[in-house]
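Engineer: Residues per chain, in single letters:
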Amino acid sequence: MRYIPNSPDERQSMLASIGLDRIQQLFEQIPASLKLNEPLGIGPPMSEPELLSHFRALAARNHVDCQSFLGAGAYSHFIPTVIDPLISRSEFFTAYTPYQPEQSQGTLQYIFEFQTMICQLTGLDVANASLYDGSTAVAEAVLMAHRLTRRNKVLIAGSLHPQYREVVETYTRNLGFEVRYLGFGSHGTLEPGALGIDKETAAIVVQSPNFFGCIEDLSRMAAIAHDAGALLIVSTAEAMSLGLLRSPGDCGADIFAGEAQSFGIPLSFGGPYCGLFATRDKYVRQMPGRLVGEAFDSEGRRGYVLTLSTREQHIRREKATSNICTNQGLFALMATVYLATMGKRGVQEVARQNFHKAHYAASQISKLDGYDLKFGGRFFNEFVVRTPIAAAEINRRLLERRIVGGVSLEGYHEDLHDCLLVCVTETSSKASIDKFVSALREVA
Amino acid sequence: MRYIPNSPDERQSMLASIGLDRIQQLFEQIPASLKLNEPLGIGPPMSEPELLSHFRALAARNHVDCQSFLGAGAYSHFIPTVIDPLISRSEFFTAYTPYQPEQSQGTLQYIFEFQTMICQLTGLDVANASLYDGSTAVAEAVLMAHRLTRRNKVLIAGSLHPQYREVVETYTRNLGFEVRYLGFGSHGTLEPGALGIDKETAAIVVQSPNFFGCIEDLSRMAAIAHDAGALLIVSTAEAMSLGLLRSPGDCGADIFAGEAQSFGIPLSFGGPYCGLFATRDKYVRQMPGRLVGEAFDSEGRRGYVLTLSTREQHIRREKATSNICTNQGLFALMATVYLATMGKRGVQEVARQNFHKAHYAASQISKLDGYDLKFGGRFFNEFVVRTPIAAAEINRRLLERRIVGGVSLEGYHEDLHDCLLVCVTETSSKASIDKFVSALREVA
Amino acid sequence: MTSKIKKATTHVVQNESLLFEHSSGGRIGYSIPDLDVPETSLEESIGRDLLRTDDLDGMPELSEVDVVRHFTRLSSWNYCIDTGLYPLGSCTMKYNPRINERVARIDGFANLHPLAPAAIAQGALEIVYQLEECLRKITGLHAVTTEPAAGAQGETVGIMMIRALLSERGNPRKKVLIPDSAHGTNPASAAICGYMVETVPSDSEGLTDLNQLAVHMDEDVAAFMLTNPNTLGKFERNIRQICEIVHEKGGFVYMDGANMNALVGVARPASFGIDVMHLNLHKTFSTPHGGGGPGAGPVAVTAELEPFLPFPRIVRKPDGSLAVDFDRPKSVGRVRAFFGNFGVLVRALSYILTHGDPGLREATETAVLNANYLAHHLNDTYEVPYPGRVMHEVVFSDKRQARHGVRNLDISKRLIDYGFYPPTMSFPLIVNGALMVEPTETESREELDLFIDAMKSIDEEAAEDPELLKHAPHTTKVGRLDEVAAARKPVLRWTGK
Amino acid sequence: MTSKIKKATTHVVQNESLLFEHSSGGRIGYSIPDLDVPETSLEESIGRDLLRTDDLDGMPELSEVDVVRHFTRLSSWNYCIDTGLYPLGSCTMKYNPRINERVARIDGFANLHPLAPAAIAQGALEIVYQLEECLRKITGLHAVTTEPAAGAQGETVGIMMIRALLSERGNPRKKVLIPDSAHGTNPASAAICGYMVETVPSDSEGLTDLNQLAVHMDEDVAAFMLTNPNTLGKFERNIRQICEIVHEKGGFVYMDGANMNALVGVARPASFGIDVMHLNLHKTFSTPHGGGGPGAGPVAVTAELEPFLPFPRIVRKPDGSLAVDFDRPKSVGRVRAFFGNFGVLVRALSYILTHGDPGLREATETAVLNANYLAHHLNDTYEVPYPGRVMHEVVFSDKRQARHGVRNLDISKRLIDYGFYPPTMSFPLIVNGALMVEPTETESREELDLFIDAMKSIDEEAAEDPELLKHAPHTTKVGRLDEVAAARKPVLRWTGK
Ligand SMILES: Cc1ncc(COP(=O)(O)O)c(C=O)c1O
Ligand SMILES: Cc1ncc(COP(=O)(O)O)c(C=O)c1O
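Chains as they are written, first to last, in my numbering: chain A, 1 to 444; chain B, 1 to 444; chain C, 1 to 497; chain D, 1 to 497.
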């Protein structure tokens with residue numbers, strides 16, 4: 001086994017040096033009746049070339065060469081080439097959580113930089129070192145709102161990503177929460193009218209751009225929440241929108257819980273991605289996840305350390321603000337390198353191009369007979385198209401043309417069976433958009 | 001331009017700090033009449049995504065997915081995955097020639113390790129840090145033999161790789177050398193009979209395995225050369241053969257000049273590869289190329305430095321042993337990592353598999369009607385097949401079946417128009433060999 | 001001072017300030033094609049009120065060169081597995097094979113959208129399916145989900161499933177029992193599932209005290225969470241009786257599988273009688289820790305618990321193709337978006353197939369050998385609070401060195417000067433001044449011997465020159481950082497002030 | 001001591017012995033499929049006499065982990081472009097773009113056999129053809145070959161072509177003239193082509209002395225080899241007259257294009273009147289130096305010299321496809337196997353297309369600005385033997401510091417403590433104690449300012465504490481190594497003794 005340095009002979013002499021002669025003796029601690037006396041049944045080892053062909057054959061069964069307009073929580077954006085060689089430096093990807101700061105300053109500094117940029121993008125005061133993904137970040141936000149308000153009711157926008165919603169349900173089910181869903185109107189956004197908010201309400205959870213791509217009026221929601229002494233939790237699955245839209249913090253959000261995949265992280269069939277979590281200074285001690293802070297040594301040299309860890313499971317145990325330990329460190333680095341490379345201007349330019357390309361596509365599609373936009377609302381790079389026939393059937397026909405049309409919303413929402421959620425990013429050229437539009441015409 | 005750190009404003013203020021206001025002023029050194037007053041005509045910049053598609057489109061026109069039995073100086077071997085991430089560490093690939101040892105110990109130590117392993121493989125005393133490729137290494141060897149013997153005549157085996165031969169001709173043409181070619185017999189090897197060696201002969205140049213894949217009797221050649229006071233220069237294009245065959249040094253070679261491509265270096269359409277050069281201790285001061293040696297600092301710490309550089313152009317100028325400066329450093333590292341990873345046992349095993357697979361293929365092919373082996377000689381992983389119809393036509397028909405048959409020898413040698421040079425390495429599975437054999441039957 | 005130190009020395013490295021301190025207006029690091037569609041008015045279609053007005057204030061402006069140098073310089077301050085022994089107990093810091101990185105980056109995996117129709121994602125579904133099959137064989141349990149993003153989430157899922165089953169039986173119960181030696185995530189995960197946590201003390205051997213367990217175990221207890229081998233590196237040889245005691249009272253046994261590197265191919269947890277467990281792919285199966293993550297914490301369960309697995313499930317259809325199944329009426333629900341940390345799953349499968357049956361067993365045996373080798377050669381020098389054979393790791397304490405006022409922290413910091421990363425110190429809590437050492441199978445004898453020499457030499461220094469240790473490390477870019485001050489007035493972001 | 005040093009500090013790094021010292025019998029690092037064909041008897045088909053009998057004695061036996069750690073540790077002792085300014089004059093150490101590395105690794109390039117039929121290698125032939133087109137436009141010359149493996153081979157090819165043309169005219173002539181400021185490869189290359197070398201002194205400005213040139217130029221001279229800008233960073237403003245003087249006597253002008261980073265997009269050598277030149281793709285066009293290579297030294301020539309280009313040539317056929325042409329009766333022949341350093345050509349083309357017309361010019365302008373910025377801010381502190389504007393590089397001397405017994409070597413070694421790689425010292429030979437500094441365009445102002453501060457601070461140290469400099473560097477893993485002893489009894493390989 002090429003990953004085991006010591007040769008059989010070396011292992012034998014190590015055994016001898018501790019007074020044993022058979023490796024089995026080391027396992028006498030395990031009662032014989034509990035031992036496995038046959039092979040696992042996984043098979044013989046695969047050599048490197050065999051392994052490569054095995055995985056290449058599997059990969060070939062994933063048709064990533066189709067032109068795709070899928071979004072809905074996972075977005076296709078240009079990924080600068082510099083990211084992979086940098087995150088592939090073994091000093092980064094083969095290191096553990098930076099428990100020993102003197103030997104981990106590289107990791108600690110980039111986390112501090114990551115936290116800073118997430119604050120800048122979200123308009124909030126403090127961000128953590130990442131959570132698993134956008135969906136669990138929202139769940140953690142709800143639990144945090146509960147800790148802060150000691151209230152048990154949450155109002156969740158019906159336009160929150162359905163999978164995020166399901167995760168919140170899973171996490172709150174056992175804690176005696178009352179979860180109520182808020183409908184959406186003809187603009188695909190919340191109707192601020194009768195939210196049914198009350199003194200029992202811990203938080204309102206809104207996603208913007210929401211699952212339908214529509215931009216919510218966050219300031220309005222913040223006012224409503226705060227009037228009732230509740231918190232506003234804002235989520236976004238498409239972090240690129242932060243390059244263009246007023247920041248959640250600026251709109252009055254108390255907690256931001258989102259997904260950073262758009263920042264240089266490959267689609268990779270849904271993960272690993274990078275959960276974002278940010279809030280106000282006053283709430284920092286109720287935050288989940290790791291935090292890195294500035295520190296100095298006895299000679300006054302600046303460095304960084306893991307801090308405020310009394311919130312965490314390894315110290316506070318069952319009273320911890322979360323049970324998270326391993327997070328998405330390397331993918332926070334990806335996002336950090338992405339944001340550093342794109343920079344202020346790059347993020348603005350990409351956001352701008354997403355907006356213009358999506359609006360160009362939307363206007364072209366809405367000119368087609370039988371197609372129109374489901375919602376009148378304002379959107380960023382994603383929108384819902386009403387289709388002349390069942391959306392699923394449209395997709396089937398598009399796929400024959402090697403186009404992955406969009407997400408058919410039947411299944412997600414009753415009465416949306418004839419709706420297609422279409423996403424257009426900077427990676428779609430005008431030519432490919434036009435091709436998509438005429439394909440839609442043909443398949444109708 | 002993203003590779004230029006300073007922004008236009010920063011550049012302007014730097015200009016100001018040196019008392020200028022327009023960048024053009026810096027170029028007043030150049031007479032106006034010599035300046036270019038129009039664009040170069042290469043076109044606008046390509047963005048990273050556009051560039052990637054441009055090159056992917058070009059790469060798609062190279063059909064590397066065909067099954068290939070090409071060798072003839074470039075060999076397809078398994079390349080361990082660890083090589084690329086290691087040579088891609090920027091500390092290696094973005095460093096210069098290790099002129100400042102205190103800041104270049106990483107490079108210097110691996111070159112010392114490379115030199116050592118080349119000595120071990122070739123059975124010679126000293127190896128240099130690499131030359132351009134196998135062909136120029138042979139040319140350098142001939143020039144060195146001339147310096148050592150002060151003789152002007154070289155006898156070159158007709159079975160030396162034709163392209164190596166051409167390079168030797170190019171390099172010797174202007175130096176008043178007499179180059180004579182030695183024929184090969186029915187075994188595809190040198191006929192030791194009438195070589196026409198005399199007191200004017202500086203060296204005999206032999207390749208083994210030779211261009212036809214046949215293994216030469218090097219000891220015999222060494223004896224003949226040495227009797228006449230000439231040197232024996234041994235070349236090999238297929239370094240993997242060193243894992244199985246008696247080493248050139250052991251056979252009495254005075255200089256080894258070969259190609260390391262087989263040691264983990266991608267085919268890459270013929271380059272960059274890595275020229276190997278080794279000789280006896282007594283000849284070291286006439287060697288071309290860089291040498292790394294052991295050295296110690298004032299505290300007795302061991303390190304490595306470039307040494308014996310009085311042989312080189314930057315000091316000896318027109319009297320240097322060669323004009324080489326930049327060599328193939330990074331590819332010497334590739335070979336070093338390859339040899340370290342494969343190790344003693346791996347190199348032996350790969351050599352063994354090459355031998356067995358090539359002999360299996362040869363025996364299967366020689367069973368086919370109309371096909372037989374051109375030479376009776378002993379071979380390693382390459383052999384010449386006599387074809388029932390013109391070899392070029394066989395290749396054409398094989399290509400229709402997405403098989404690249406081998407090198408048609410017409411063009412290389414008259415009277416070999418019906419010969420195919422076939423190479424079989426460890427990368428050809430039995431199944432693919434069998435497929436090749438039946439294809440040969442079909443196309444005959 | 002560093003004369004005794006063979007393994008490491010010092011060398012010049014670059015200082016590097018924060019990205020923001022480098023930033024300069026007008027620097028460009030990105031490159032994308034120009035916009036090729038007609039523009040739409042932002043004001044009209046979005047409206048000023050919803051548009052950003054701060055011009056992304058504070059975000060950096062850098063060239064590609066600045067970025068490459070920045071992160072390359074930062075990296076040179078990190079210790080990593082490729083640097084040397086990384087003996088963090090309980091973390092299984094083993095070599096991360098490069099082939100796994102290569103495989104995970106194949107276009108067909110890296111560029112696949114999670115909502116791509118199953119028809120064009122069969123290869124990805126196969127990966128998930130094949131990995132779950134392998135993990136079933138390794139644990140011996142009935143079914144596996146690879147959804148959980150890390151061990152802690154695996155714990156949450158496992159306990160949620162127990163709660164769901166108990167609820168179906170009419171009573172979710174109130175408590176979860178946890179040994180005093182458990183990792184912090186265990187109680188934290190139980191709490192998230194709405195349980196109170198009760199701690200069960202260990203016995204003098206560091207194992208679960210059966211009597212104590214019997215005392216605590218009653219009809220209010222939903223589950224007992226046990227790590228095996230436990231966090232002292234000991235195999236819980238009474239695991240069968242433990243399971244009986246718990247089962248008798250209608251409770252379930254959750255096994256924390258973080259230490260499976262001691263068991264793979266040697267014993268199957270199913271045979272212990274446990275009900276549910278998680279695995280840490282980023283430990284036992286070598287997926288990179290990435291400076292904190294990502295990981296993956298698949299959960300394996302008995303047939304009884306199978307209906308409660310989170311959705312979606314990947315199922316094989318009669319025609320042999322794979323489908324995504326959401327129709328799981330009893331499921332605890334969804335625990336994260338899409339299909340878990342897929343990229344981590346690819347790497348773990350690559351690791352498992354590379355090893356095969358013999359390789360997996362060989363890895364386990366060697367890991368246990370290496371741990372016992374360290375335990376044997378250091379136990380004259382360092383206190384071993386719970387003596388005897390260990391499995392994959394050994395826990396020392398600083399008891400003897402403490403006589404000189406030298407604590408585990410000082411020993412750890414001094415190890416840095418000797419060219420090592422320090423062991424785990426934060427737990428198990430039952431060991432005062434713990435030094436929890438796990439070498440893994442991917443360490444050479446030279447490296448282990450250097451560690452033994454370093455530890456012995458540090459013990460001598462503790463007697464001769466305790467101050468030297470209390471101010472260690474002496475060879476790093478920054479010395480000990482004042483973590484107390486950092487926590488008192490936390491600075492958690494750059495503000496330019 | 002290091003108080004003044006802002007840019008760098010020291011940090012712990014690993015020691016690492018030689019591969020062979022790690023090697024241990026039975027360790028395995030490779031993994032290939034088992035042999036799947038029937039075996040043939042080695043003894044019978046090859047015979048004992050031709051088989052190896054030493055069992056590859058001395059070759060290492062290591063695990064993959066040993067190998068990864070070995071080279072990772074070695075790498076941590078290297079300074080590289082990604083570390084910081086690498087101001088080697090004449091070497092153009094500019095940033096190596098990552099996109100170029102990615103492009104060169106695309107399967108269709110990396111796995112293509114050089115003898116693959118042209119029909120299935122059109123993409124590769126296009127690369128060579130497109131690059132030669134770009135270089136024609138950049139030099140303004142008639143034709144380009146990309147065969148030569150490096151600058152020195154380019155020189156050889158260029159001089160051989162001149163010799164071939166002269167021979168065709170009846171007399172190859174005897175001599176090549178070279179300025180005293182030339183790089184060592186120039187005379188060495190001329191010698192390989194069978195020419196005697198005669199040196200032409202430079203004038204007080206460091207330029208070619210026209211009178212001296214006229215004196216040396218006669219019918220025995222085949223060529224004058226000139227670097228422009230020359231190795232002092234000066235533009236040879238009389239280049240036209242120089243060409244006339246040489247041409248008048250029937251000689252040719254070879255331009256060493258190593259310094260083209262000062263001219264691309266600003267001036268085309270063809271307009272200078274030169275006949276042949278080489279380019280260093282590993283300098284001007286950013287292909288990685290790789291710790292010594294590989295490079296590529298394409299040669300550009302006038303129409304008159306075109307027939308003598310080495311073969312093979314890539315030619316466009318009427319049908320638009322590309323073919324390989326060997327039928328070149330007047331060619332100097334083949335200069336290396338196959339198609340040159342193809343992988344380097346791919347990277348260079350990627351660099352050129354990324355920049356386009358405006359980018360190439362911008363790079364040149366910025367490179368010249370950076371050099372003049374350094375020259376301006378350091379010329380009060382360091383002697384500039386040939387004052388005045390420079391192009392892409394500037395040559396200082398240690399004249400002033402030498403008063404304190406501090407030489408260029410000491411200044412260079414001390415720069416290492418300051419976090420820099422030292423400048424070129426070995427040439428130009430006409431400057432005693434030369435410090436040849438070339439920043440390139442890919443350096444930021446911060447980095448240049450740090451270099452200026454360091455050089456000034458070292459000048460102060462030279463006066464205050466010369467010994468400090470004579471024993472520098474003080475912060476590296478090894479100190480100054482005894483090169484004299486190393487050359488006296490060279491140890492060029494490990495022998496285990
Ligand atoms: C024993 C034990 N259990 C659980 C965990 C938590 O696993 P993760 O960090 O993957 O959430 C760890 C990891 O540190 C552990 O060591
Ligand atoms: C001026 C000059 N000419 C020629 C050369 C030789 O080029 P190469 O090293 O590519 O052979 C160099 C490189 O050092 C140089 O600086």
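Hints are not guaranteed to be accurate.
What the hints assert, rightly or not - As a list, the in silico DSS-like pairs of lysine-lysine whose alpha-carbon atoms are at most 30 Å apart:
1. K489/D x K470/C
2. K282/A x K153/A
3. K4/D x K35/B
4. K470/D x K399/D
5. K282/A x K497/C
6. K497/C x K4/D
7. K470/D x K7/C
These aren't lab readings, by the way, just hints derived from the structure by calculation.
Engineer: Taking 30 Å as the top limit, are the C-alpha atoms of K282/A and K497/C close enough?
Structural biologist: It holds: about 20 Å lies between the C-alpha atoms, which stays within 30 Å.
Engineer: Taken at face value, is the distance from the CA of K470/C to the CA of K489/D at most 30 Å?
Structural biologist: Violated, because 46 Å separates the two Cα atoms, which is more than 30 Å.
Engineer: Straight-line Cα separation of K470/D and K399/D no greater than 30 Å?
Structural biologist: Roughly 16 Å separates the two Cα atoms, so the pair holds.
Engineer: Hey, K282/A versus K153/A, does the alpha-carbon distance stay inside 30 Å?
Structural biologist: holds, 22 Å
Engineer: Do the alpha carbons of K497/C and K4/D lie within 30 Å of each other, as the hint requires?
Structural biologist: Judged against 30 Å, a Cα distance of about 25 Å means the pair holds.
Engineer: For the pair supplied as a hint, K470/D and K7/C, confirm whether the alpha-carbon distance does not exceed 30 Å.
Structural biologist: holds, 28 Å
Engineer: Are K4/D and K35/B close enough, with their CA atoms no more than 30 Å apart?
Structural biologist: violated, 44 Å
Of the numbered hints stated above, those contradicted by the structure are hints 1 and 3, listed in ascending order.
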